[in-house]
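Protein chains: 2
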Amino acid sequence: MNQVKPAHVGYFFGLSVVELAAQLRTGRVTSVALTQAALDSIERLNPTLNAFVQLDAPVALAQARKADELLAQGRDLGPLHGIPVAVKDNIDTSDYITTYGSAHFEGFRPRRDALCVQRVREAGGVIVGKTLTHEFAYGPTGDRSLQGAAHNPWDPRCMTGGSSAGSAAAVVSGMVPLALGTDTGGSVRIPSALCGAVGFKPSYAAVPLDGVFPLSTSLDHVGPIANSVEDARLLFEVLSARACAPTIPEPGTLRVGWIASGSFGPVDTAVDQQVYLTAQQLFGDTLQEVTELAAVAAGMKETLGMLQRAEAFDVHAERMQQAPQLFDPEVRARLELSQEVRGWQYIRAQAAQQQYQAQMASLFECYDLLLSPSVPIIAPAVNAREVRVEEQDIDVRAAVLSYTSPWNLTGLPAISLPAGQVRGMPVGLQVIAAAGEDDRLLQLLAHQKPT
Amino acid sequence: MNQVKPAHVGYFFGLSVVELAAQLRTGRVTSVALTQAALDSIERLNPTLNAFVQLDAPVALAQARKADELLAQGRDLGPLHGIPVAVKDNIDTSDYITTYGSAHFEGFRPRRDALCVQRVREAGGVIVGKTLTHEFAYGPTGDRSLQGAAHNPWDPRCMTGGSSAGSAAAVVSGMVPLALGTDTGGSVRIPSALCGAVGFKPSYAAVPLDGVFPLSTSLDHVGPIANSVEDARLLFEVLSARACAPTIPEPGTLRVGWIASGSFGPVDTAVDQQVYLTAQQLFGDTLQEVTELAAVAAGMKETLGMLQRAEAFDVHAERMQQAPQLFDPEVRARLELSQEVRGWQYIRAQAAQQQYQAQMASLFECYDLLLSPSVPIIAPAVNAREVRVEEQDIDVRAAVLSYTSPWNLTGLPAISLPAGQVRGMPVGLQVIAAAGEDDRLLQLLAHQKPT
Numbered sequence: 021m022n023q024v025k026p027a028h029v030g031y032f033f034g035l036s037v038v039e040l041a042a043q044l045r046t047g048r049v050t051s052v053a054l055t056q057a058a059l060d061s062i063e064r065l066n067p068t069l070n071a072f073v074q075l076d077a078p079v080a081l082a083q084a085r086k087a088d089e090l091l092a093q094g095r096d097l098g099p100l101h102g103i104p105v106a107v108k109d110n111i112d113t114s115d116y117i118t119t120y121g122s123a124h125f126e127g128f129r130p131r132r133d134a135l136c137v138q139r140v141r142e143a144g145g146v147i148v149g150k151t152l153t154h155e156f157a158y159g160p161t162g163d164r165s166l167q168g169a170a171h172n173p174w175d176p177r178c179m180t181g182g183s184s185a186g187s188a189a190a191v192v193s194g195m196v197p198l199a200l201g202t203d204t205g206g207s208v209r210i211p212s213a214l215c216g217a218v219g220f221k222p223s224y225a226a227v228p229l230d231g232v233f234p235l236s237t238s239l240d241h242v243g244p245i246a247n248s249v250e251d252a253r254l255l256f257e258v259l260s261a262r263a264c265a266p267t268i269p270e271p272g273t274l275r276v277g278w279i280a281s282g283s284f285g286p287v288d289t290a291v292d293q294q295v296y297l298t299a300q301q302l303f304g305d306t307l308q309e310v311t312e313l314a315a316v317a318a319g320m321k322e323t324l325g326m327l328q329r330a331e332a333f334d335v336h337a338e339r340m341q342q343a344p345q346l347f348d349p350e351v352r353a354r355l356e357l358s359q360e361v362r363g364w365q366y367i368r369a370q371a372a373q374q375q376y377q378a379q380m381a382s383l384f385e386c387y388d389l390l391l392s393p394s395v396p397i398i399a400p401a402v403n404a405r406e407v408r409v410e411e412q413d414i415d416v417r418a419a420v421l422s423y424t425s426p427w428n429l430t431g432l433p434a435i436s437l438p439a440g441q442v443r444g445m446p447v448g449l450q451v452i453a454a455a456g457e458d459d460r461l462l463q464l465l466a467h468q469k470p471t
Numbered sequence: 021m022n023q024v025k026p027a028h029v030g031y032f033f034g035l036s037v038v039e040l041a042a043q044l045r046t047g048r049v050t051s052v053a054l055t056q057a058a059l060d061s062i063e064r065l066n067p068t069l070n071a072f073v074q075l076d077a078p079v080a081l082a083q084a085r086k087a088d089e090l091l092a093q094g095r096d097l098g099p100l101h102g103i104p105v106a107v108k109d110n111i112d113t114s115d116y117i118t119t120y121g122s123a124h125f126e127g128f129r130p131r132r133d134a135l136c137v138q139r140v141r142e143a144g145g146v147i148v149g150k151t152l153t154h155e156f157a158y159g160p161t162g163d164r165s166l167q168g169a170a171h172n173p174w175d176p177r178c179m180t181g182g183s184s185a186g187s188a189a190a191v192v193s194g195m196v197p198l199a200l201g202t203d204t205g206g207s208v209r210i211p212s213a214l215c216g217a218v219g220f221k222p223s224y225a226a227v228p229l230d231g232v233f234p235l236s237t238s239l240d241h242v243g244p245i246a247n248s249v250e251d252a253r254l255l256f257e258v259l260s261a262r263a264c265a266p267t268i269p270e271p272g273t274l275r276v277g278w279i280a281s282g283s284f285g286p287v288d289t290a291v292d293q294q295v296y297l298t299a300q301q302l303f304g305d306t307l308q309e310v311t312e313l314a315a316v317a318a319g320m321k322e323t324l325g326m327l328q329r330a331e332a333f334d335v336h337a338e339r340m341q342q343a344p345q346l347f348d349p350e351v352r353a354r355l356e357l358s359q360e361v362r363g364w365q366y367i368r369a370q371a372a373q374q375q376y377q378a379q380m381a382s383l384f385e386c387y388d389l390l391l392s393p394s395v396p397i398i399a400p401a402v403n404a405r406e407v408r409v410e411e412q413d414i415d416v417r418a419a420v421l422s423y424t425s426p427w428n429l430t431g432l433p434a435i436s437l438p439a440g441q442v443r444g445m446p447v448g449l450q451v452i453a454a455a456g457e458d459d460r461l462l463q464l465l466a467h468q469k470p471t
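As they're listed, the protein sequences go chains A and B.
For the first sequence, the working numbering begins at 21 and goes up steadily by one.
For the second sequence, the working numbering begins at 21 and goes up steadily by one.
Hints are computed from structural coordinates only; laboratory data are not their basis.
The reader is advised that the hints may include incorrect statements.
Note that the list lumps identical chains together, so a pair holds whenever it fits in one copy or between two copies.
Here are the simulated lysine to any residue pairs, SDA-like style, with alpha carbons at most 25 Å apart [stated by the list, open to error]:
id: 1; residue 1: K321; residue 2: L383
id: 2; residue 1: K321; residue 2: A337
id: 3; residue 1: K321; residue 2: R368
id: 4; residue 1: K321; residue 2: V335
id: 5; residue 1: K321; residue 2: A343
id: 6; residue 1: K321; residue 2: Q341
Input sequences plus hints: build the corresponding full structure.
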């Protein structure tokens, strides 16, 4: 759907992992060549985009050489074998410094890989570097970290969104074909939507969080960022250590709901129209309007806030006491507020989360998929905290989270797909499925052709 | 071990449920006769002890008549069939008003029986009335409730301890042979120890809490109060809906640990010596001193406090906002403090609870049973809040909870056995077993003869 290119693009722009995997096996390319291409693209584009925060060419190339040797010996580890992959810097890697985007961890090298990274390595993936995360993933704008702000490949004056800021910028600009992100309120889907990538937040607990720096353990997820649903699915299979079932023809017509515009907060009308148009192209013009979510939106937001704040402060209490000056001021201000959540409010939020999960399970008895814009606005300027939408000044952080965070609270699988452009910037269509229906969601979308 | 009687005793003093069950089956007594004996005893003793807060003779006698009719038809519901049982007033009964000890629920009649009450009825037990609970079970002294204070059968100037104040007084004085209590920090074992009953707190979740007014859901337990381990075991089998396995001869010698005196706080030396003597009589003089608990006592107390306060405020937040004046002032003051626990502190307390549970599991790899005084002092005067112990003024509420509450935090089964007297008042020996070893604990004690 993207007919135009970002201003600056790298080697992997427009390439699919499936094609690359085929070329690796015919010997037309090598993993070393692909990894060198990634490193060259990063060298050229990163001064503009600030997507990567840690690189180590010898480390990356050594992995690539090993992948080539194994393939040459006939040991094929699967579709990711030899493919360059970027990893968000809040995910532990034993061979790259991992800062979690914070001065608290400047120069820190974890002793072990995160379990999800280990799985990528076991599947033959080549980790080419670490991508910028908003400090401790505690922010949806991607512009506050030890390493500064990431910049949007479509217009570097604009934010990428976050917190998986660098991963989305790296994939969209073609520095790498695949990246790992994390998503606690939308942190995979928001930068994917604002930069024009496919970003998938799986069902809660589908991908293990061992070795991922926690933000909010009730809401944290790991997921892939890619250029196509097919590629995202390949990486998800590896991350979740399960093979998606082969495609099963769906009986009858899909029941697809369009979440009534504005249900979760203000939407830029042009974004809404562009996303709805894309939804109709994919699913036909029989979308049913789903009106019941507006009534629960405020409660869901409040509940998610209570859980996230209490859990985030639990993680950072000692740092807030011992070295508060090392936090970015905006992140520190959020943590100061987080301290105030009371124990009884947290208990009630846990109970409310279960109720919302039950309500969504009921709703999905009537629908196969629900659709909405992933993010109700286009990427604002880096560091912007207010934007004017439909003659209202709205808070950027609240706005970008508003349509994604309900699916962290309820743990449902949700994906952001590129849905064309508004005023020259990408917008995303969010597609949500019932809990545990990750495979089916990815299969339906991989095989859905615009009508 | 009690060679003397309380000042005032009722019909069931010194009678065992096993004997009564035999007499019911030979026709020597009827359930109606036993129930009438209970009502007569209550009528005579209750003005002094204030153990029962709700009675309804026709309701009780109708249950008894039904029990007699069933037995006459040859339908024997088991060992509790026709036996009078008292129920603590924080446990729902559809046929008796249930106030939870609070002016907030004056005259309240639940629509349904609690599940544990339903099980007693299905086993043929006759509910003869409701016993005094400290308001909302939120206090270990048994002297603050809508219905005032309960009084100790051994000296009515003294407190019973609580919160299952009336249940312990009713059983010890012989008003009824069995009663249900609840235990969140010691509320079954404390009044059992201070009044001279057998009080058993089962493993966490061994008895369902449906229909029991919550105090702190991580710590709440339901358990029996009786005059012997054998009787407590009969009621526990019914409450937990499982039959204890028949006694298995224990291979070798029991490994019994004595928790080093003072580990969980100050102890009256005379109480300590009397309880230790009883422990030696029961288990021989090979008790091993367990010294490692003193180091974790403060942390366990702090953890339990965080959980209990946050969870208690969750239960009462609306009442505290809308009608705080209806609470007893002391209970209200506790709730005001409870509001202050932070969400992140609650999360850490949950994690700490799991660690203490794991530590106790390790400790019980070295021991079959651990022993301590149930309560480190004898019953103080009703309403006393400080007592002088070993030339120190100590807080009564903290003291009576100090040796029982660690086993609520860790969820281990713990029983208080009568262990003789100190200065004319009963003291209790607490026996603790590994998680899930409820049946074995009860069997070991039922068959343990003084050496």
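Against the structure, the hints come out as follows:
Within a single copy, K321 and L383 get their C-alpha atoms as close as 18 Å, which meets the 25 Å cut-off; across copies the closest is 44 Å, which misses it. With identical chains, the CA atoms of K321 and A337 are at most 25 Å apart both within one copy (23 Å) and between copies (21 Å). In this homomeric assembly, K321 and R368 come within 25 Å of each other (Cα to Cα) both inside a single copy, at 14 Å, and across copies, at 24 Å. In the homo-oligomer, the alpha carbons of K321 and V335 lie at most 25 Å apart both inside one protomer (21 Å) and across protomers (22 Å), since each shortest distance falls under that limit.
In this assembly of identical chains, K321 and A343 lie within 25 Å of each other by CA distance neither inside one copy nor across copies; the values are 30 Å within and 29 Å between. In the homo-oligomer, the alpha carbons of K321 and Q341 lie at most 25 Å apart only across protomers (24 Å), although the nearest pairing inside one protomer, at 28 Å, exceeds that limit.
In this structure, only the earlier hint numbered 5 is contradicted, and the remaining ones agree with it.
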